[in-house]
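Colleague: As a plain string of letters, each chain reads:
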Amino acid sequence: GAVVSQHPSWVICKSGTSVKIECRSLDFQATTMFWYRQFPKQSLMLMATSNEGSKATYEQGVEKDKFLINHASLTLSTLTVTSAHPEDSSFYICSAEDLAGVVGELFFGEGSRLTVL
Amino acid sequence: KQEVTQIPAALSVPEGENLVLNCSFTDSAIYNLQWFRQDPGKGLTSLLLIQSSQREQTSGRLNASLDKSSGRSTLYIAASQPGDSATYLCATYTGANSKLTFGKGITLSVRP
Chain A
1 GAVVSQHPSW
11 VICKSGTSVK
21 IECRSLDFQA
31 TTMFWYRQFP
41 KQSLMLMATS
51 NEGSKATYEQ
61 GVEKDKFLIN
71 HASLTLSTLT
81 VTSAHPEDSS
91 FYICSAEDLA
101 GVVGELFFGE
111 GSRLTVL
Chain B
1 KQEVTQIPAA
11 LSVPEGENLV
21 LNCSFTDSAI
31 YNLQWFRQDP
41 GKGLTSLLLI
51 QSSQREQTSG
61 RLNASLDKSS
71 GRSTLYIAAS
81 QPGDSATYLC
91 ATYTGANSKL
101 TFGKGITLSV
111 RP
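For the protein sequence lines, the chains are A and B, in the order given.
If you read the first sequence in the working numbering, its first letter stands for residue 1, the second for the next number, and so on.
If you read the second sequence in the working numbering, its first letter stands for residue 1, the second for the next number, and so on.
Bound conformation, chain A alone (with noise of 0.2 Å):
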């Protein structure tokens, strides 16, 4: 199956510092990639949809410009979170939808544990 890969997968920082998660398709091409933060015991929230070549789309209640999103290439999505707090601490898990695939079958990294203290 498709491989998606993120990294790093666990990363600490101290405060007011910024980070940065890469999201990469190995072995296919994604037009859209997808950034999801996880609580602990809860589902996956919906962040924003990378897409390759433009803007990012933000849901609702979702800084973009304390969640920096790039989508440079049809294979690389980065997230950056900017000026890192002690509340921004989550687990981030990145998906992408292969281009020549099936219509709406995602496949998703392995996710990032990012700790600000």
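Treat each hint with caution, since some may be false.
What the hints assert, rightly or not - Below 27 Å or equal to it, Euclidean Cα-Cα: the simulated DSSO-like pairs (lysine-lysine) are:
1) B/K104 to B/K68
2) B/K99 to B/K1
3) B/K68 to A/K55
4) A/K14 to A/K64
5) B/K99 to A/K14
6) A/K20 to B/K1
7) A/K66 to B/K99
8) A/K41 to B/K42
These are calculated hints, taken from the structure and not from any lab test.
Since chain A is already given, all that's left is putting chain B on it; use the hints.
Modeller: Just chain B now, with coordinates in the frame of chain A:
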């Protein structure tokens, strides 16, 4: 707005038991429905995808069914094993903005 419900939130069964996980959704106009598995601290692994035109899909000990008209899907796990312990999420795709709508998941524990 699509709502996906999974009840119960947690389930504990002895090893070897056959079990059924339920998923219901409010908007029957879906393109597909996916079942995922999530292990603690990990991402999601796709288990089965059922297209709207299909009634069921099978993979090994897993069988997922879909009844669009009643807004229900079930994931059947045969001969459960401790390694099946995980959280199982279902999600519907309606095509609107290419988004998946997730249920909250069912945390399954299979006791040796």
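Colleague: Against each hint, give a clear statement of whether it holds in the structure.
Modeller: Going down the list of hints, with the structure as the test:
1. B/K104 to B/K68: holds (20 Å)
2. B/K99 to B/K1: Holds, because 12 Å separates the two Cα atoms, which is no more than 27 Å.
3. B/K68 to A/K55: violated (34 Å)
4. A/K14 to A/K64: holds (21 Å)
5. B/K99 to A/K14: violated (33 Å)
6. A/K20 to B/K1: Not OK: A/K20 and B/K1 at ~32 Å, beyond 27 Å, violated.
7. A/K66 to B/K99: Holds, at roughly 22 Å.
8. A/K41 to B/K42: Judged against 27 Å, a Cα distance of about 12 Å means the pair holds.
Of the hints listed earlier, those the structure fails to meet are numbers 3, 5, 6, in rising order.
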